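Fit chain B to the supplied structure of chain A, relying on the hints for placement.
Protein sequence lines, in the order shown, are assigned to chains A and B.
Residues 1 to 325, numbered by the numbering used here, are exactly what the first sequence covers, in order.
Residues 1001 to 1327, numbered by the numbering used here, are exactly what the second sequence covers, in order.
It is worth saying that the hints were derived from the structure and are not from the lab.
As the structure is a prediction and not an experimental result, all values here were calculated from the model.
Incorrect hints may have been included.
What the hints assert, rightly or not - Simulated coverage check for chain A against chain B, where a stretch passes if three residues somewhere in it have a Cβ under 8 angstroms from a Cβ of chain B:
(1) 106-120
(2) 128-138
(3) 149-157
(4) 311-321
Positions of the beta carbon are idealized from the N, C-alpha and C atoms, including for glycine.
Given next are the chains, with one letter for each unit.
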Amino acid sequence: MELKKTDLMKMYRTMLGLRAVDNRLVPLKLKDLVMDGFHPYVGEEAVAAGVCGWLRPDDYVISTHRPQGHAQAKGATMEAIFCEMLGRMGGPSNGLGGPMQWVDVDTNFFCGSIVGSGVSNSTGFALAAQRERKGRVVVCFFGDGASNTGSFHEGLNLAAIWKLPVLYVCENNQYGEAMPVKEFVSGAKISGRASSYGIKGKTVDGMDVKKVAIAAGEAIKVLRKGKGPAFIEAVTYRYRGHYLGDPENYRTKAEIERWRKKDPIDRLRKELLSTGKVKEADLKCLEAEVEKLAEEAQERALSRPKPTLAYATSNVLVPVAGRNA
Amino acid sequence: MADRTLTYAEAIQEALDQEMARDPAVYVLGEDVAIWGNLFGCTKGLVAKYGKERVRDTPISEAALMGCTVGSAAAGLRPVAEIMYIDFISIALDQIINHAARWHQLSGGRVKVPMVVRTQGGVGFRNSSQHSQSLENWFVNIPGLVVVMPSMPYDVKGLLKAAVRDDNPVIFIEHKAMYRNKGVVPVDDYVIPLGKADVKRAGTDLTIVATSWMVVHALAAAEELAKQGISAEVVDPRTLYPLDEATICDSVRKTGHCLVVVEAPAAGGFSGEIASVVMEHCFTALKKPVKRLCGLRTGIPYDKDLERAVVPSVADVAREARALLGR
Chain A
1 MELKKTDLMK MYRTMLGLRA VDNRLVPLKL KDLVMDGFHP YVGEEAVAAG
51 VCGWLRPDDY VISTHRPQGH AQAKGATMEA IFCEMLGRMG GPSNGLGGPM
101 QWVDVDTNFF CGSIVGSGVS NSTGFALAAQ RERKGRVVVC FFGDGASNTG
151 SFHEGLNLAA IWKLPVLYVC ENNQYGEAMP VKEFVSGAKI SGRASSYGIK
201 GKTVDGMDVK KVAIAAGEAI KVLRKGKGPA FIEAVTYRYR GHYLGDPENY
251 RTKAEIERWR KKDPIDRLRK ELLSTGKVKE ADLKCLEAEV EKLAEEAQER
301 ALSRPKPTLA YATSNVLVPV AGRNA
Chain B
1001 MADRTLTYAE AIQEALDQEM ARDPAVYVLG EDVAIWGNLF GCTKGLVAKY
1051 GKERVRDTPI SEAALMGCTV GSAAAGLRPV AEIMYIDFIS IALDQIINHA
1101 ARWHQLSGGR VKVPMVVRTQ GGVGFRNSSQ HSQSLENWFV NIPGLVVVMP
1151 SMPYDVKGLL KAAVRDDNPV IFIEHKAMYR NKGVVPVDDY VIPLGKADVK
1201 RAGTDLTIVA TSWMVVHALA AAEELAKQGI SAEVVDPRTL YPLDEATICD
1251 SVRKTGHCLV VVEAPAAGGF SGEIASVVME HCFTALKKPV KRLCGLRTGI
1301 PYDKDLERAV VPSVADVARE ARALLGR
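So that you can see chain A by itself, here it is in the shape it has in the complex:
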């Protein structure tokens, strides 16, 4: 699979957008306008950008407690993400969900803070897509930590035996909260777990958006033909703590610096310039534009109201048919 210049520019822009939003969420958290449920995505942008670029609006994305990157890459506006993070009306869940759990009908996006659950419930979205026979697919993101849950193993097995159109994307960011992957994952690669269920599993450099995009693009093409699930383990890294305020006593500054040298945004920028087809001035212009959009989105979100108690306690049940009959 060949990536065109337009593909690369699109992914570059997506990654800039994810980072611009995350970088603004940090000071908002420090002011307690965004709460501890905010899990920074900085460093992992290549995964969301490389995968979601291939998705149609009607495809589903099932995400995690670290959903903001996946959500924006799937099509949520920056303003919607700021609103949800801030707990304001205008977020996908109108601020009731907060940083870790929301449902976005407009972009077919679900996320939640129970590690591993998505691996099982993505099979349901995929079953509906399979029955519909229109080539719709489901992408299920999860972390290395999820790979030890029962839901992970049960979900992979069900997707495999029913040949469901799910692309499982494991963001292996090296730590399950504070615990290093090598201390809690048995076996060499997480992708090997998929292979044991007869699912084609691949481990790719998750700091290289091109490698992620090629692996995802090829997998999604096959998925749309109804040949069953696929699995990508993207090896990546989160520059910030599991959450902001994490004591980070489980890793060294030198380790973080080593990973920062592989930064997916810097890497693609250098490659784009080295082709000679993209000018530095054009990239600077794009970077400034994305920053401005993020700044404006944040300001608009900050002006939105909080949900009322009446709203926060509504929509618990669909009115039950016989209730007032």
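Chain B alone, transformed into the frame defined by chain A:
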């Protein structure tokens, strides 16, 4: 045909058959629902009629089967999942509580999760402590769920059809001791509204509020009490949430006495909920405090006699009713 009788299990099968014929989005999934047609025949013949795409045997994998149920409901299908014994639902609770019950609200009312979880609880087959529990209380306490416990073949058909048509996640709890019970079940396409209690027997001296199999016990006890000149009214809530408080309170206002009979242990449970509702809404009508008769707080034993001894019997219901009336 008006007086045709079916068993409780046959009534379930007929409800599913009718709903699957009516709406192609309805499908059934669970352990041994296709090849076996369920342990009690509740899904018998459905796979032959509707095919493997709509009647799906799943692996013994409750987290995945419930995940699939929840996801497919949010994506527009109408799954009827089966958890073979309610005890196994512990493996699937995350999907029900953290996902199915939450998505409608988190979507601002735009996503609906129209799914039914059929399962069965209670004693009756000497299945002992991991196959015989009464766990309905867990679900009554979760915002975003509807909880149904039908007692009669007529009810189970009409309520299951209503549950399939309802746009909420519905926990539909059958009782293993009742699958062979027979009753009049019209062949028609009728629906019993969720959230409506039913007065199973009219009476004037006391109200017995009972759920599931205990309704059968309460009716037998009422028969016995009648011979002794005591007129018991038996109220079956049928839907535990949303609860039809009005029907229960109307009955208590009439009789002045309330006995609650459930199979689950008392602490933290639905029996206390009924007692509270009665106290809050018709305290002044009560001539005596509300009395609860519940299962003992113990694991369910294997022995035939002991299994029956740890849950209320017909004699227990009659005895407690007489004690409440001081007769």
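TODO: Taking the numbered hints from earlier one at a time, note which ones the structure violates and give those numbers from smallest to largest.
DONE: Hint check: nothing fails, all pass.
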